[in-house]
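Q: Chain by chain, the residues run as shown.
There are 2 protein chains.
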Amino acid sequence: MRLSKDLNILIVGLGLLGGSYATALKKKGFKVSAITKNEEDIDFALENGIIDEGTTELDANLIGKADLVVFALYPHIFVEWIEKNQSLFKSGAIITDVTGVKGSIVYKIQGMLRPDIEFIAAHPMAGREMSGVQNSDGVNFSDANYIVVPTDKNSHKAIELCCELGETLGFKQIAELSVESHDKMIAFLSQLTHCIAVSLMCCNNISGMEYYTGDSFRDLTRIAQINDEMWSELFLNNKDYLLYEMECFRKSFDELYDKIKEEDREGMREMMRLSTYRRKRFDKK
Amino acid sequence: MRLSKDLNILIVGLGLLGGSYATALKKKGFKVSAITKNEEDIDFALENGIIDEGTTELDANLIGKADLVVFALYPHIFVEWIEKNQSLFKSGAIITDVTGVKGSIVYKIQGMLRPDIEFIAAHPMAGREMSGVQNSDGVNFSDANYIVVPTDKNSHKAIELCCELGETLGFKQIAELSVESHDKMIAFLSQLTHCIAVSLMCCNNISGMEYYTGDSFRDLTRIAQINDEMWSELFLNNKDYLLYEMECFRKSFDELYDKIKEEDREGMREMMRLSTYRRKRFDKK
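Chain order of the listed sequences is P and S. Note that this note's numbering gives residue 263 to position 254 of the first sequence, counting from 1, and the numbers run on in steps of one. Note that this note's numbering gives residue 110 to position 101 of the second sequence, counting from 1, and the numbers run on in steps of one.
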């Protein structure tokens with residue numbers, strides 16, 4: 010299967026990311042339908058031309074004609090949905106997702122899936138500090154990374170289709186990682202940073218701070234505005250890797266603390282030079 | 010003294026911040042001169058119309074005619090400069106600065122200063138991950154806070170002049186803090202965030218991370234590109250407050266760690282809801 014405009018693409022879960030996928034695909038001329046929980050989200054999407062059709066029902070016809078299905082649900086809801094409803098898929102359909110952790114879902118879903126359906130996991134590294142399809146036009150893919158996460162159950166064909174989807178959506182860069190590498194990477198790059206931002210906002214409440222702050226604090230805590238339902242699930246789904254990365258960070262933070270306490274200026278400067286050197290790699294080109 | 014265009018304004022230290030002050034003041038039609046270490050910085054500033062005159066010498070004439078002197082030097086160099094050269098100031102001159110910590114310099118300088126000279130401290134909360142006058146046009150004051158830090162040695166007149174300077178430079182908001190409140194605030198809002206970013210960059214070195222990262226990591230570590238000479242001095246100059254804030258953060262981070270470890274989902278969500286609620290205050294209007 011190639012990503013052609015004849016395909017019927019179904020989005021399950023029309024929130025921030027589901028909505029931004031729908032928007033991007035419709036703009037490129039694809040046929041996009043959606044199933045989601047709230048009627049108002051379907052109404053919004055239809056009114057704004059983000060989807061061609063949509064429903065809050067488990068519409069056997071809509072599901073049965075879909076060639077490519079993108080799941081943008083909370084991890085446990087995604088797993089439950091497949092358990093209950095996979096009989097409705099058309100034979101040969103390809104499934105993908107946007108879930109932020111992989112180990113806790115990919116093997117489970119690939120293990121239970123009908124043999125004529127293939128699930129290829131993906132993680133778009135994009136988001137906003139808001140949720141809902143109503144905010145999805147603010148999600149920017151053009152500067153973001155898209156990670157395809159295949160296992161040995163995946164075919165070349167499906168991996169390629171998934172990469173093509175990332176390109177079509179307009180991501181800057183498509184990368185491939187194993188389930189374990191992905192979850193370890195995400196524990197460090199994304200979950201740990203959210204833990205830091207949340208902890209920082211919780212540890213101090215001087216009134217009027219906003220009148221004295223600079224951009225460093227603002228940028229660092231941007232992600233402290235967090236969807237607690239989703240992120241607590243993602244953290245627990247990746248618990249071991251996350252705790253390990255938190256320990257590594259704490260060790261490094263304690264090292265800097267000790268150097269400041271001991272007034273080891275050269276030691277502090279060494280850490281700063283290392284961080285400066287390493288951070289350069291992350292500058293956007 | 011009011012901030013009028015008849016005043017001779019002298020900048021000592023033509024780096025990133027000194028340069029951005031000069032640029033903003035010249036644009037508004039003020040007379041600006043500069044003394045700095047490197048000839049090339051003076052040449053650059055003259056060629057680009059950022060200053061009217063400048064020198065790398067200790068020019069008694071230039072210093073002697075200045076009504077307002079802005080020091081944009083490292084803390085210990087600022088103190089040394091005053092010690093050695095304060096005899097050159099014109100009687101009645103007002104001195105201000107841009108130094109990031111106050112306790113370690115303000116009392117020292119006010120204590121040694123000639124009685125006919127007044128030092129009113131200020132901290133512009135603006136900067137960039139680059140240094141040098143050559144990069145100073147990228148510093149944006151219009152979105153930034155400017156903090157005036159008076160002591161009981163300061164006159165109303167000088168405090169007002171300093172506020173006026175902040176307004177003239179185009180800062181979004183002018184605030185006033187005591188030396189102690191300033192240093193405590195800065196330990197939390199600025200120094201701790203730099204410690205976190207540096208520690209985070211030092212604790213992990215997976216190769217190729219930049220291909221998988223999202224904006225949260227990029228934003229959080231932006232300030233990990235750090236001037237190690239300046240920041241190590243600022244950290245040590247504010248050691249007690251900084252260590253205290255690091256301990257508070259560490260306690261909060263450990264609390265989140267424990268909640269994840271114990272799978273206390275409601276406890277995690279409570280912290281996330283608190284951080285979300287508090288962070289809203291910092292959104293730019």
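Worth double-checking, as some hints may not be accurate.
Derived lysine-lysine pairs resembling DSSO-like cross-links, with alpha carbons at most 27 Å apart [what the hints assert, rightly or not]: (1) Lys289/P <-> Lys181/P; (2) Lys270/S <-> Lys117/P; (3) Lys14/S <-> Lys99/S; (4) Lys93/S <-> Lys36/S; (5) Lys260/P <-> Lys14/S; (6) Lys268/S <-> Lys260/P; (7) Lys74/S <-> Lys248/P; (8) Lys260/P <-> Lys260/S; (9) Lys166/P <-> Lys14/P; (10) Lys99/P <-> Lys74/P; (11) Lys260/P <-> Lys46/S; (12) Lys289/P <-> Lys268/P; (13) Lys270/S <-> Lys248/P; (14) Lys248/S <-> Lys270/P; (15) Lys35/S <-> Lys270/P; (16) Lys35/P <-> Lys99/P; (17) Lys166/S <-> Lys117/S; (18) Lys37/S <-> Lys14/S; (19) Lys248/S <-> Lys268/S; (20) Lys248/S <-> Lys268/P; (21) Lys117/P <-> Lys268/S; (22) Lys46/S <-> Lys268/P; (23) Lys260/S <-> Lys289/S; (24) Lys93/P <-> Lys37/P; (25) Lys117/P <-> Lys37/P; (26) Lys248/P <-> Lys268/S; (27) Lys40/S <-> Lys248/S; (28) Lys117/S <-> Lys270/P; (29) Lys248/S <-> Lys270/S; (30) Lys35/P <-> Lys46/P; (31) Lys40/S <-> Lys166/S; (32) Lys260/S <-> Lys270/S; (33) Lys289/P <-> Lys260/P; (34) Lys248/P <-> Lys270/P; (35) Lys166/P <-> Lys99/P; (36) Lys248/S <-> Lys260/S; (37) Lys268/P <-> Lys260/S; (38) Lys99/S <-> Lys40/S; (39) Lys181/P <-> Lys93/P; (40) Lys35/S <-> Lys14/S.
Quick caveat, the hints were computed from the structure, so don't treat them as lab data.
Q: When you check the alpha-carbon spacing of Lys35/P and Lys99/P, does it fall within 27 Å?
A: 22 Å, holds
Q: Taking only the CA atoms, is the gap from Lys181/P to Lys93/P under or equal to 27 Å?
A: Distance of about 36 Å is beyond 27 Å: violated.
Q: Are Lys166/S and Lys117/S close enough, with their CA atoms no more than 27 Å apart?
A: 21 Å, holds
Q: Measure nothing beyond the straight line between the CA atoms of Lys248/S and Lys268/P; if it is 27 Å or shorter, mark the hint as holding.
A: Cα-Cα ~11 Å, so holds.
Q: For the pair supplied as a hint, Lys93/S and Lys36/S, confirm whether the alpha-carbon distance does not exceed 27 Å.
A: With Cα atoms ~32 Å apart, Lys93/S and Lys36/S exceed 27 Å; violated.
Q: Check the hint pairing Lys260/P with Lys46/S against an upper bound of 27 Å on the C-alpha distance.
A: 39 Å, violated
Q: Against the 27 Å threshold, does the CA-CA distance of Lys248/S and Lys260/S hold or violate the hint?
A: Roughly 18 Å between the alpha carbons, so the hint for Lys248/S and Lys260/S holds.
Q: For a C-alpha distance cap of 27 Å, please report whether Lys40/S and Lys166/S respect it.
A: 21 Å, holds
Q: Regarding the pair Lys260/S and Lys270/S, is the alpha-carbon distance no greater than 27 Å?
A: 15 Å, holds
Q: Is the Cα-Cα distance between Lys166/P and Lys99/P 27 Å or less?
A: 17 Å, holds
Q: Regarding the pair Lys99/P and Lys74/P, is the alpha-carbon distance no greater than 27 Å?
A: 6 Å, holds
Q: Can the restraint linking Lys117/P and Lys268/S be considered satisfied, given a maximum Cα separation of 27 Å?
A: Holds, because 26 Å separates the two Cα atoms, which is no more than 27 Å.
Checked against the numbered hints given earlier, the structure breaks hints 4, 5, 7, 11, 15, 19, 22, 24, 25, 27, 29, 34, 39 and satisfies all the rest.
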